[in-house]
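Visitor: Knowing the structure of chain E, use the given hints to seat chain P on it.
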Amino acid sequence: MTLHDGMRDRAIERRLRSRPALAPSAGHRSRVLAAVRGVLESRPLAEAVGRHRLGGGGVLALAGMAAAIAPLLIGPWWLSLAAVAGGSDWFRSPRPSLVAHARMVGVELPPDALAAVGPEAANGERRHRTHPTAVDRTMAPGQAAERWLRMRHTLVREL
Amino acid sequence: MPPTLAESLADGDADAFAALYDRLAARLLGAARTMIGSAPDAEDVVHDLFVDLARGRHRLAAVADLEAYVFTMLRHAVGRRHRRAVTGRRVLVEVAHDRGRPDHAAASALPDDELAAAVADLPPEQREVVALKIDGGLTFAEIGRVMGTSLDTAASRYRYALTKLRQTLSRKEER
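Residue numbers (the numbering used here), protein chains in the order written: chain E, 1 to 159; chain P, 1001 to 1175.
If you're looking for bench data, these hints aren't it; they were derived computationally from the structure.
Treat the numbers as computed from the prediction; the structure is a model and nothing was measured.
Check before you lean on any hint, since a few could be wrong.
Partner residues are not named here, just some residues of chain E that face chain P (Cβ under 8 Å, in silico) [claimed, not checked]:
1) R17
2) A23
3) H28
4) R31
For every residue, glycine included, the Cβ atom is placed at its ideal position computed from N, Cα and C.
If we strip away everything but chain E, and leave its shape as in the complex, we get:
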């Protein structure tokens, strides 16, 4: 920016400052202050209406509604927990049923694979959880899983 530009900028600044001030139009002040007074004098809605408190009947009605809704909300959870605790078949592994199915169709599974699913499953009983380590706790998890996979491969191939 040259010295000339700087002088011109200052001239523009002076020109901006010399613009006539914008005086409020007649009545603007009174309109604004009347609107402000209106706001100041108006009470907030909650204050004007007054605070509502529930009477005895209202409390009873609310309690009744809560009691009616509660079983719908927590009922399914309790049913699920009860099913797990009671040992429902929904939560059991399908593996031993495969063993039983294989027996039915005459497929002989490798002995070590049967050992992997445990003696009860080898007899076709559905008594075992999903994780291979739950089948025979003397095996390492990797070993049990590997035997389980081998048994599945055999089943898939034979069936």
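Guide: Using the frame of chain E, we list chain P on its own:
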């Protein structure tokens, strides 16, 4: 110790609002006119600003710089009005195929038409700084607080605004 103006405003003292109007109205109107480009719209904005101040008066007790706070509210009010105007104008253009620019038309109706038109052509941030500096009489530090920028940014925008005004007016003089 007598209550400060901000405390009186927070208490809902109508006289305090009158005092605030007498102290700031002319500067607020000037700044709003520069930002919007229309004196009647500037009056509406200032009217609404005071109503908003009265509604949110409980917040004023904690305000340290009352002038900066009020000018910040002014800037937000102008921004809201501008957004509404843009939406309304878009609808108007779609309906009437009007390619005019209402803000500029209003600006050119002000005294010193060329300067007003040049100010209206400034980018919004630069126009706001000019309004707050020239019409609002704020310092760059106060403008920084109002616009949420640093003092240096406010000063730079003001310099850029003057440069752009100089270039615009020079082009018009050459024609």
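Visitor: Tell me the hint numbers this structure goes against, listed in increasing order.
Guide: Violated: none.
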